[in-house]
Amino acid sequence: MNQRIPAELRGLRDLFQSCDPIPEQALAGAYAAMARRSPIEDPVVLKLVGDSAESLARVRSGQPEPRVLTFAMPGRVLEVDLVPTVDGLYRASGMVLNRAGQAPPVGEVVLRHPAGECAGSLDEHGAFRVADVPRGPLSVVFRPVRSVPAVADWLVC
6 MNQRIPAELR GLRDLFQSCD PIPEQALAGA YAAMARRSPI EDPVVLKLVG DSAESLARVR
66 SGQPEPRVLT FAMPGRVLEV DLVPTVDGLY RASGMVLNRA GQAPPVGEVV LRHPAGECAG
126 SLDEHGAFRV ADVPRGPLSV VFRPVRSVPA VADWLVC
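Numbering (my numbering), first residue to last: 6 to 162.
Don't read these hints as lab results, they were simulated from the structure.
Even glycine gets a Cβ: it sits at the ideal position worked out from N, Cα and C.
Where hints are given, some of them may not hold.
[Said to hold, decoys possible] Listed next, with one range per pair, are the computed distances between beta-carbon atoms: (1) 31 <-> 82: 41 to 47 Å; (2) 18 <-> 75: 48 to 54 Å; (3) 137 <-> 13: 53 to 59 Å.
Whenever a hint applies, use it, and build me the whole structure from the sequences.
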């Protein structure tokens, strides 16, 4: 990367700093935030590998059909069933599976939505349940104990 700044840009920077300077507290806060950020703390990608909404063959039974989402992350699979309950809400349940031979995972699954988030702790088998998840944009996060969280992209349910 070229470290030399052209004279025109230096002049423009000087003009902005003299006419509209950045408050010192904002500048100090920005540098402090960047110093705290560590690549080790970056989240793991939770990749959507299956979505029942994309299935061509569907059987209508009269009951609300769950939408099944399957996510993959290194060494684990997370499956979420979204069952419509009352108008505009879902009940989410599912399981986090480790590789064969490993102990069940410990942590929580968080369903983020525009109004906030809903969380469900994993039980001794790696299962969870979350009530009253609003319909609309949704992002799934797996927060294991003593490890980096796995975060999925947003999708619409």
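Quick rundown of the hints versus the structure:
For residue 31 and residue 82, the Cβ-Cβ distance of about 43 Å falls inside the hinted range of 41 to 47 Å, so the restraint holds. One distance hint, 48 to 54 Å for the beta-carbon pair residue 18 and residue 75, holds here, with the actual separation near 50 Å. Distance hint check for residue 137 and residue 13: the Cβ-Cβ separation is about 56 Å, which falls inside the suggested range of 53 to 59 Å.
Of the numbered hints listed earlier, not one is contradicted by the structure.
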